[in-house]
Amino acid sequence: MDLHELTIHQAEALLKKREISSKELVKALLERIDTFDDTIGAYLTIDEKGALKQAEDADKRLADLTPDAYAADDAPPLLGIPIALKDLLCTKGLKTTCASKILENFVPQYDSFAVSKLKKAGAVILGKTNMDEFAMGSSTENSGFKLTRNPWNPDHIPGGSSGGSAASIAACMATGSLGSDTGGSIRQPASHCGVVGLKPTYGRVSRFGLVSYASSLDQIGPITRDVKDAALMMNVISGHDEMDSTSADIDVPDFTSGLSMFEKNGLKGMKAGIPKEFLSVKGLDPDVEKAFMNSKKILENLGVEIIEVSLPHTEYTIAAYYVIAPSEASSNLARFDGVKYGFRDKTCDNLIDMYKKTKSKGFGNEVQRRIIIGTYALSAGYYDAYYGRASKVRSLIMDDFKNAFKQCDIIISPVAPTPAFKIGEHIDDPLTMYLSDIFTLSANMAGIPGISIPCGLSSKGLPIGLQMMADRFDELSLIRAGYGFEQNVNLSMRFPDLKNLG
Amino acid sequence: MRFEPVIGLEVHAQLKTKTKIFCSCSTKFGAPPNKNTCPVCTGMPGVLPVLNKQAVSFAIRCALATNCAIAHESRFDRKNYFYPDLPKGYQISQYAMPIAEHGHLDIESENGNRTTIGITRIHMEEDAGKLIHDAARSKTMVDLNRTGVPLVEIVSEPDIRSPKEAGAYLRKLHSIVQYIDVCDGNMEEGSFRCDANISLRPVGEKKFGTRTELKNLNSFRHVEKALQYEIERQAYILEDGKKIVQETRLWDPAKSRTISMRSKEEAHDYRYFPEPDLVPLIVDDQWIAKEKENLPELPEKRKARFIADYKIPSYDAEVLTSTRELADYFETASKNIKNKKQVSHWVMGPVLGLLKAKSTDIKNSPVSPEMLAELITLIENRTITAGAAKTVFEEMISSDKNPVTIVKEKGLEQVKDNTELENIINQVIEANPNELEAYKKGKTKLFSFFMGQIMKKTRGKADPAAVTELLKTKL
Numbered sequence: 001m002d003l004h005e006l007t008i009h010q011a012e013a014l015l016k017k018r019e020i021s022s023k024e025l026v027k028a029l030l031e032r033i034d035t036f037d038d039t040i041g042a043y044l045t046i047d048e049k050g051a052l053k054q055a056e057d058a059d060k061r062l063a064d065l066t067p068d069a070y071a072a073d074d075a076p077p078l079l080g081i082p083i084a085l086k087d088l089l090c091t092k093g094l095k096t097t098c099a100s101k102i103l104e105n106f107v108p109q110y111d112s113f114a115v116s117k118l119k120k121a122g123a124v125i126l127g128k129t130n131m132d133e134f135a136m137g138s139s140t141e142n143s144g145f146k147l148t149r150n151p152w153n154p155d156h157i158p159g160g161s162s163g164g165s166a167a168s169i170a171a172c173m174a175t176g177s178l179g180s181d182t183g184g185s186i187r188q189p190a191s192h193c194g195v196v197g198l199k200p201t202y203g204r205v206s207r208f209g210l211v212s213y214a215s216s217l218d219q220i221g222p223i224t225r226d227v228k229d230a231a232l233m234m235n236v237i238s239g240h241d242e243m244d245s246t247s248a249d250i251d252v253p254d255f256t257s258g259l260s261m262f263e264k265n266g267l268k269g270m271k272a273g274i275p276k277e278f279l280s281v282k283g284l285d286p287d288v289e290k291a292f293m294n295s296k297k298i299l300e301n302l303g304v305e306i307i308e309v310s311l312p313h314t315e316y317t318i319a320a321y322y323v324i325a326p327s328e329a330s331s332n333l334a335r336f337d338g339v340k341y342g343f344r345d346k347t348c349d350n351l352i353d354m355y356k357k358t359k360s361k362g363f364g365n366e367v368q369r370r371i372i373i374g375t376y377a378l379s380a381g382y383y384d385a386y387y388g389r390a391s392k393v394r395s396l397i398m399d400d401f402k403n404a405f406k407q408c409d410i411i412i413s414p415v416a417p418t419p420a421f422k423i424g425e426h427i428d429d430p431l432t433m434y435l436s437d438i439f440t441l442s443a444n445m446a447g448i449p450g451i452s453i454p455c456g457l458s459s460k461g462l463p464i465g466l467q468m469m470a471d472r473f474d475e476l477s478l479i480r481a482g483y484g485f486e487q488n489v490n491l492s493m494r495f496p497d498l499k500n501l502g
Numbered sequence: 503m504r505f506e507p508v509i510g511l512e513v514h515a516q517l518k519t520k521t522k523i524f525c526s527c528s529t530k531f532g533a534p535p536n537k538n539t540c541p542v543c544t545g546m547p548g549v550l551p552v553l554n555k556q557a558v559s560f561a562i563r564c565a566l567a568t569n570c571a572i573a574h575e576s577r578f579d580r581k582n583y584f585y586p587d588l589p590k591g592y593q594i595s596q597y598a599m600p601i602a603e604h605g606h607l608d609i610e611s612e613n614g615n616r617t618t619i620g621i622t623r624i625h626m627e628e629d630a631g632k633l634i635h636d637a638a639r640s641k642t643m644v645d646l647n648r649t650g651v652p653l654v655e656i657v658s659e660p661d662i663r664s665p666k667e668a669g670a671y672l673r674k675l676h677s678i679v680q681y682i683d684v685c686d687g688n689m690e691e692g693s694f695r696c697d698a699n700i701s702l703r704p705v706g707e708k709k710f711g712t713r714t715e716l717k718n719l720n721s722f723r724h725v726e727k728a729l730q731y732e733i734e735r736q737a738y739i740l741e742d743g744k745k746i747v748q749e750t751r752l753w754d755p756a757k758s759r760t761i762s763m764r765s766k767e768e769a770h771d772y773r774y775f776p777e778p779d780l781v782p783l784i785v786d787d788q789w790i791a792k793e794k795e796n797l798p799e800l801p802e803k804r805k806a807r808f809i810a811d812y813k814i815p816s817y818d819a820e821v822l823t824s825t826r827e828l829a830d831y832f833e834t835a836s837k838n839i840k841n842k843k844q845v846s847h848w849v850m851g852p853v854l855g856l857l858k859a860k861s862t863d864i865k866n867s868p869v870s871p872e873m874l875a876e877l878i879t880l881i882e883n884r885t886i887t888a889g890a891a892k893t894v895f896e897e898m899i900s901s902d903k904n905p906v907t908i909v910k911e912k913g914l915e916q917v918k919d920n921t922e923l924e925n926i927i928n929q930v931i932e933a934n935p936n937e938l939e940a941y942k943k944g945k946t947k948l949f950s951f952f953m954g955q956i957m958k959k960t961r962g963k964a965d966p967a968a969v970t971e972l973l974k975t976k977l
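These protein sequence lines map, in sequence, to chains Z and X.
Just so it is clear: in the first sequence, position 495 is 495 by our numbering, and no numbers are missing.
Just so it is clear: in the second sequence, position 89 is 591 by our numbering, and no numbers are missing.
The following block holds chain Z by itself, in its conformation from the complex:
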């Protein structure tokens, strides 16, 4: 097997046995990036020097580790594993742009909580991945810098907003990656790129150092080649953080125990709900529907009882989301004003002019659109009708899930109504883009965890994902069911064929 194709757990085993070195692994990935990333465009920043240095350090630590330490599992869990980070995560000393011109040269003085956890676990940071500007989008076309192409078909989008992270995993240009998910930004690109994406429960992973898009919805999570890798990364990044008041002070389980639960008990006794409201969604692609029905059968064959559940407020989800998220965004993005750091327009002659020109030139169209929507929704006289009502809808959605999870352990659905669309296909049609978030938004609104697992390929050879959602802080059910599903789904191809690229 080629080094660049290794999963985290495969690489970890080889590193521990000293059959490979971290430096070899990093070099193989850098070579891969060198060959293919001009076409794919997954990365905004590649920290070649830093990565090699970190790999050397990791190799030294690996060499110093006694066999006893390995046996006792005392080794830092991700020692020497190369990771790609969405460029929304602050990295000390390494440019963090949020794919926005307004932060083009911004270098943070601090690591985000998740990144410092990764570093402590021994991970090697390869670089920063492309995304929709400030995580606003579902195609990575809203990046202020460049396009990212879908490794399965470069004419198509990789999904978004964590498109670069998903593409880096699919194109084997990183061993593991982190993304962030505000309305599906981990799960949807994972689905479009044929990899695994896990959005944890809101509060499971500290948001400190994640540049905020919509604070009450944002959550950091792994995008990996398989479920086991996702569990391994979750073990590292989860936990309470005093620097994030919204991070939950709650015990963190060993997420890999979800795997052993499957190994031991299979999925017998588990119940999976299918929301009837999801079945009537318009515009569901026949290939997606077919893959979903097939997934349902696989789960049934594993002994999962499939039941129908109801999420009665589904039809209001998109509307409420597109009030709450832009409202919070309009406030979160106020700080990018040209005063303290980042881009400032120099052609202005007074303060208001500076604000206007800086923001108009620094932000892309979609970001400006959402700032305008959010500013309007929060305006005096409109608050009750928009933000107030949307918040009420949100409570109702939470109740819907609470009730549904009284009847089942997980809820299953497609991740997106269609496979990845073509680049440029919907760029002038934001509404269609917004509507394509229908299956993923509700998990953010309810604060529950969700996972996307590859479940098939479309007739045109594009990946399709299956979404599983569970109750708050029950990621273990997702990992158990996801792992079981992954072991039993027969995919004709695991990796895209990049032969003709590069």
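Rather than coming from a laboratory, the hints here were simulated on the basis of the structure.
From a predicted model like this one, the values you see are computed outputs, not experimental measurements.
Be a bit skeptical, because a hint or two may be false.
To spell it out: a stretch of chain X is covered by chain Z in this simulated footprint if at least three of its residues, at any positions, have a beta carbon under 8 Å from a beta carbon of chain Z; those stretches are [what the hints assert, rightly or not]:
#1 531-545
#2 549-559
#3 572-585
#4 777-786
Computed cross-link-like contacts, DSSO-like style, restricted to lysine-lysine with a CA-CA straight-line distance of at most 27 Å [claimed, not checked]:
#5 K92(Z) x K537(X)
#6 K910(X) x K842(X)
#7 K794(X) x K865(X)
#8 K632(X) x K340(Z)
#9 K537(X) x K340(Z)
Ideal Cβ placement from N, Cα and C applies to all residues, glycine included.
Since the structure of chain Z is already known, use the hints to place chain X on it.
Structure of chain X alone, referenced to chain Z:
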């Protein structure tokens, strides 16, 4: 037509926590620009606020001291507006659900009547930074040291009816926040700031008139002067049959007038919404009880106790309890003194006079309360006379010596021995035969001449009462 002013005050009091409200930067005043800053208070990308518990404790104390009901659950909101001294583009404040509401303060108005001023609410918020306009370089600089310093805003009901009442309310509040040790009250450094809302209405009318908001009121005197000016300004407009424009006006202390700053139309739309980076603030009964224990005796109670226990006049008690430090000073000094009025006389007279002359405050008084007590004890046990005490007090300031030493060194003990006194009196009478004759012929006014001569000779050491008695028999 006669008008009645309707006044409400908004006070911002800086809480004297060691660190800022949402990060661990120092709150110390006077540091070099942007020294007390970090990624959180400068609004760097991705950072998050964490609420300072001490600030909440202080806000609870404020609420208790102003008779407010404390909310078991309150919330922070974002107040959105753009200004370079506001690095996040929003101020974290409490809007919809403040920590405390429905309080009141009793004040004494001009005619001595007690009036109750309602307190609408107390909420917590973070302070903004400061802009420094550099004329030499025609640039504006931003100093974010103050950004994130914790504040409480204390909003009164429109219950105030005169500038004097406004002043009384403010002084009372100012004294309270210092008493409960949550604010240093320093108005020059902006630790205690006030905005005023004022409108007029015809006497007898129930409905409020259109109000203006006054800003830049940097002292109690300016608050009173600005309100007085605004009453007259509004009255002229109303008498002319014109309408008051709802607006914010700035007080110009140099010209003693208010000037228009921005109209209602130009007012910001702050787009308040719940701060999603913070969880609701839960204050349980236990926390409130703990802060209640931390609460010292408030000025009103202390004043009443001074009058009752120390038998000092109401006026003295009012002055002595005006600050916690002064009241503490008085109580320390008078601990072992029987006649408390004697102490209040010395504190309010020589001590306060000295502080004024040296432009310092009671905390830094050159004469400690213990030293003062020693001095007053010397008077009480008739070691020295009141006259000699003044000399000793002067000497205490300049020499740093204690009163007993000074009395000894300068030989200021009161002359208690009557034979010694008699000798001196005899000497004085003998030295002034002409005056003696005139006195005997009925010029009794000369008694004080003899007194003066004797006191001069004893250098104030003689007890005047004893001298008077002896002199009468001799003459």
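Status of each hint after checking the structure:
no., hint, verdict
1, 531-545, "holds (count 3)"
2, 549-559, "holds (count 5)"
3, 572-585, "holds (count 3)"
4, 777-786, "holds (count 4)"
5, K92(Z) x K537(X), "holds, 21 Å"
6, K910(X) x K842(X), "holds, 26 Å"
7, K794(X) x K865(X), "holds, 25 Å"
8, K632(X) x K340(Z), "holds, 14 Å"
9, K537(X) x K340(Z), "holds, 15 Å"
Every hint, counting from the list given before, is met by this structure.
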